[in-house]
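**Student:** If you want the building blocks of each chain, they are given just below.
Number of protein chains: 2
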Amino acid sequence: MKVVIVGSGNVATHLSLAMASLEGIEICQVYSPTEAHAQILAERLNCDFITDPTQIRRDADVYLFALKDQALEPVIRAVPANNGLWLHTSGSMPMQVFAGYTERYGVLYPLQTFSKSREISFRGIPLFIECHREEDKNCLEDLARRLSGKVCELSSEKRRSLHLAAVFACNFTNHIYALAEEILAKEGLSRDYLFPLIDETAAKVHELPAREAQTGPAIRYDENIINKHLGMLADYPDVQMLYRLLSQSIHKKV
Amino acid sequence: MKVVIVGSGNVATHLSLAMASLEGIEICQVYSPTEAHAQILAERLNCDFITDPTQIRRDADVYLFALKDQALEPVIRAVPANNGLWLHTSGSMPMQVFAGYTERYGVLYPLQTFSKSREISFRGIPLFIECHREEDKNCLEDLARRLSGKVCELSSEKRRSLHLAAVFACNFTNHIYALAEEILAKEGLSRDYLFPLIDETAAKVHELPAREAQTGPAIRYDENIINKHLGMLADYPDVQMLYRLLSQSIHKKV
Chain P
1 MKVVIVGSGN
11 VATHLSLAMA
21 SLEGIEICQV
31 YSPTEAHAQI
41 LAERLNCDFI
51 TDPTQIRRDA
61 DVYLFALKDQ
71 ALEPVIRAVP
81 ANNGLWLHTS
91 GSMPMQVFAG
101 YTERYGVLYP
111 LQTFSKSREI
121 SFRGIPLFIE
131 CHREEDKNCL
141 EDLARRLSGK
151 VCELSSEKRR
161 SLHLAAVFAC
171 NFTNHIYALA
181 EEILAKEGLS
191 RDYLFPLIDE
201 TAAKVHELPA
211 REAQTGPAIR
221 YDENIINKHL
231 GMLADYPDVQ
241 MLYRLLSQSI
251 HKKV
Chain U
1 MKVVIVGSGN
11 VATHLSLAMA
21 SLEGIEICQV
31 YSPTEAHAQI
41 LAERLNCDFI
51 TDPTQIRRDA
61 DVYLFALKDQ
71 ALEPVIRAVP
81 ANNGLWLHTS
91 GSMPMQVFAG
101 YTERYGVLYP
111 LQTFSKSREI
121 SFRGIPLFIE
131 CHREEDKNCL
141 EDLARRLSGK
151 VCELSSEKRR
161 SLHLAAVFAC
171 NFTNHIYALA
181 EEILAKEGLS
191 RDYLFPLIDE
201 TAAKVHELPA
211 REAQTGPAIR
221 YDENIINKHL
231 GMLADYPDVQ
241 MLYRLLSQSI
251 HKKV
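Going down the list, the sequences are from chains P and U. Going by full-length UniProt numbering, the first sequence opens with residue 1, and the numbers climb by one from there. Going by full-length UniProt numbering, the second sequence opens with residue 1, and the numbers climb by one from there.
Excised from the complex, chain P in its bound form (with noise of 0.2 Å):
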């Protein structure tokens, strides 16, 4: 099996990695309109590079963008036609957006946070894939299943709640995570002390729902203890903002 990859992003690099190292996958080129991005990938990958998407190949199996959401349908219709199966790894596009360009398309969205620097086995990462054509599916699904043990069909429709659902659970946590770290900076505290709490908050939820295992002053409405923390914050008029509507989120279970 041929693929191009198209993107050379945090999804396009590790997605990539993962196909490579699946016996009788050949990723034959990889596509990036920033040409050191595209050649780093594509050494890493030990394939050719380009930065014109008019200069895809025509004769892969696979073609897979991993791009930015708003790049993608640009790409797409540069892409020159072929008789290989698309797809997308966004978790807000519509499969539709290759409608109109090929027959043969799908999405494989997988749900996991990527960052270039940092090692990730693919095989616990839920992967969500959705096909356009009947005939593509076992095709798409056996794919899917030699990357992840994890693999779930989904509409675009519900993929777009998933995605929403990733933003919070993953993007939001993380910038609460920066917003702690900075509070002890401030302090000249180790960041390190907050490890086994985050370690335990995020454990907590695999036996717990959220809102059962939610603890602190909001749930205890601890009005002493939510208005020193606002007046510590006064310097910071956001933080505050922010720490005051998520303890009345707490309160209210919005």
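Each statement offered as a hint is correct.
Straight-line C-alpha distance at most 27 Å; calculated DSSO-like pairs for lysine-lysine:
no., chain 1, residue 1, chain 2, residue 2
1, P, K253, U, K228
2, P, K68, P, K150
3, P, K228, U, K158
4, U, K252, P, K228
5, U, K252, P, K186
6, P, K252, U, K228
7, P, K228, U, K68
8, P, K116, U, K252
9, U, K116, P, K253
10, P, K116, P, K150
11, P, K252, U, K116
12, U, K228, P, K68
13, P, K150, U, K186
14, U, K253, U, K158
15, U, K116, U, K2
16, U, K253, P, K116
17, U, K68, U, K150
18, U, K253, P, K186
19, P, K252, P, K228
20, U, K150, P, K186
Computed beta-carbon distance windows for the label pairs:
no., chain 1, residue 1, chain 2, residue 2, range
21, P, Y221, U, R118, 20 to 26 Å
22, P, E157, U, R118, 33 to 39 Å
23, U, S121, P, A185, 26 to 32 Å
24, P, E187, U, R77, 29 to 35 Å
25, P, G100, U, R118, 50 to 56 Å
No lab work stands behind these hints, which were simulated from the structure alone. All C-beta atoms in this analysis are idealised placements derived from N, C-alpha and C, irrespective of residue type, glycine included.
Fit chain U to the supplied structure of chain P, relying on the hints for placement.
**Tutor:** Just chain U now, kept in the frame of chain P:
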């Protein structure tokens, strides 16, 4: 060493059970204003319980006050004078809350989230200690080191910043998980899908400062996705406002 446990909540329960497991420590009494709670914990510790703080024994070596902040001073006031070491476990109350009631006092603050239903090993929990009298330091430090491998001396002022950071890293993070779970529940999607993402987000900050680990639409400032997500939350104005403020805060790196 005889210990009286003043309180019967999550911290009182976990800390007293950890202390009871140490050789040479005897928990001799539990106080709680709520008889049912006092009784449950006293049964687990195999000791007496009382619901009137004026009945607290006078012959113990350590009095551990694990109470809500508002309850702390009224209960301290009611405890009969004695010669034991008085310790509270609060992140946000200054050590000086004991001043005037006794000369021997300090703080033993465990930085962790506790639920009664969940077992947790105390060895990995950072314990922050503070002591009024130099002569009591050894006693407190010994006790803390027998409970945990991570003991650190910390002033009341720095402790309250640590507690504020912990409210973000744990309580707010958990609430963000709860919002994510609700988004999934509305679509009939299992909350289990999020576990690998939640775990990886937590694991990542062991290696990278959270600010460097940030991914997602807000850090890229992908207005296309952000606006779609805000639209999906139109029926939940409080959650929509949180989405907007968190995204702005990520973008501004506030």
